[in-house]
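Work out the full structure, taking the sequences as your base and the hints as a guide.
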Amino acid sequence: MNTAKTIQNYIQQIPLGKPFTIVSLRKFASYVNTRQILSRLAKTGEITRLTRGVFVRPKEVAYLGKVLPESKEIVEAVIQASGETIAVHGAEAARVLQLSTQVPMKPIFYTTGNTRYIKSGNREITLKHISPRKLVKPGTTIGLVISALWYLGKNNVSMAVIEKIKQQLKVEEFSELLEYTHQMPAWMADMFYRYQAEHPDAR
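Each residue of the sequence shown is one higher than the last, beginning at 8 in our numbering.
In silico lysine-lysine, DSS-like type, Cα no more than 30 Å apart, as pairs:
no. : residue 1 : residue 2
1   : K144      : K25
2   : K113      : K25
3   : K177      : K79
4   : K12       : K126
In case anyone wonders, no lab produced these hints; they're calculated from the structure.
As structure tokens, this is what we get:
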């Protein structure tokens, strides 16, 4: 069986609608050869290119046509393909933590890579570059909290905001959060120090 057929057969085993990366196919051929094979499959419509190095066998749904993966799935595939760090945007983090009622109009994620846009059907996913120092434990509750506070900014973070965060976290999660004050900007860390001073049992 030639390389092209091997890769094609492998792709056909991937569930419809599940993103896959060119990296996952490197065991079958060189990068250049794999890219050429994927390009041919995309031209025939067997697969759809979502963004650089990420593809999918689109799922067909009656009356809707091709249904592409959710934004989160696409971003997870981008991580696998590029190796960069990606995290929930501060606006979404603030919404999840009930610190804001604003719902982002378009899916936005922070990335340590370059700022860029991914077209997925009628959606546009934004990957916005952010300094690595602002991404503390991405993908965790700790990272979610710090991202939300960065987004809210110094003038909008009060004792009431810290209290609301504490109420939503498990005791051990809040205790762990306090261990990361050294990775927070001075104004953010100071707010937690003040909260601890007023609530000695908040550990």
